[in-house]
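For the sequence shown, the numbering used here gives the first residue as 74, with consecutive numbering after it.
Source of the hints: derived by calculation from the structure; they are not laboratory data. Honestly, I wouldn't trust all of these hints.
EDC-like, lysine to aspartate or glutamate: derived pairs with alpha carbons at most 16 Å apart [to be verified]: (1) LYS160 <-> GLU146; (2) LYS137 <-> GLU164; (3) LYS132 <-> ASP98; (4) LYS137 <-> ASP99; (5) LYS137 <-> GLU182; (6) LYS132 <-> ASP99; (7) LYS157 <-> GLU146.
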Amino acid sequence: MTVYRRNIPAPSQMGPVLGRSPYIDDIAHGAATWDQLCGDLDALLYRLRYWGISVSLPKIEFGKRVIPYLSHEIGAKGIRATPKIIKGIQELPFPSTLKGVQSYHKFIEWA
Numbered sequence: 074m075t076v077y078r079r080n081i082p083a084p085s086q087m088g089p090v091l092g093r094s095p096y097i098d099d100i101a102h103g104a105a106t107w108d109q110l111c112g113d114l115d116a117l118l119y120r121l122r123y124w125g126i127s128v129s130l131p132k133i134e135f136g137k138r139v140i141p142y143l144s145h146e147i148g149a150k151g152i153r154a155t156p157k158i159i160k161g162i163q164e165l166p167f168p169s170t171l172k173g174v175q176s177y178h179k180f181i182e183w184a
């Protein structure tokens, strides 16, 4: 593949030619009220239909107050670690060596 690509259509423009379509993994949206959420959802579904993007009905979830994402929970109250992660941290044995303290510290930074 060349470093500089000139006059090459974007992959989204090649969809009709190659018989493929782009893939969108997740769409998450929140709103202050249920009515606002329904209005925003209506607009989103209209845009998806307009651009020919399909969604998988068995995978759709509406009206969730908390969304799990990368071992965290995202909700109206903010982002927090999942109970499983919190329990795992609380049950870690106290390190007794310098290497153990360094490893423990790196793990806590990650969580």
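Open item on the list: Hint check: LYS137 vs ASP99, CA-CA at most 16 Å. Holds or violated?
Closed with: 14 Å, holds
Open item on the list: For LYS132 and ASP99, compute the direct alpha-carbon distance and say whether it is at most 16 Å.
Closed with: At roughly 10 Å apart (the allowed maximum being 16 Å), ASP99 and LYS132 satisfy the hint.
TODO: Measure nothing beyond the straight line between the CA atoms of LYS137 and GLU164; if it is 16 Å or shorter, mark the hint as holding.
DONE: Distance of about 30 Å is beyond 16 Å: violated.
Task: Restraint status (C-alpha distance of LYS157 to GLU146 at most 16 Å) - done: This hinted pair holds, its Cα atoms lying about 11 Å apart.
Task: Pair hint LYS137 and GLU182, alpha-carbon separation not exceeding 16 Å - done: Answer violated: LYS137 to GLU182 is near 28 Å, above 16 Å.
Open item on the list: Please verify whether LYS160 and GLU146 have alpha carbons no more than 16 Å apart.
Closed with: Satisfied, since the Cα-Cα distance of roughly 15 Å is no more than 16 Å.
Open item on the list: Hint check: LYS132 vs ASP98, CA-CA at most 16 Å. Holds or violated?
Closed with: Answer holds: LYS132 to ASP98 is near 11 Å, not above 16 Å.
Hints 2, 5 from the list above are not met by this structure, while the remaining hints are.
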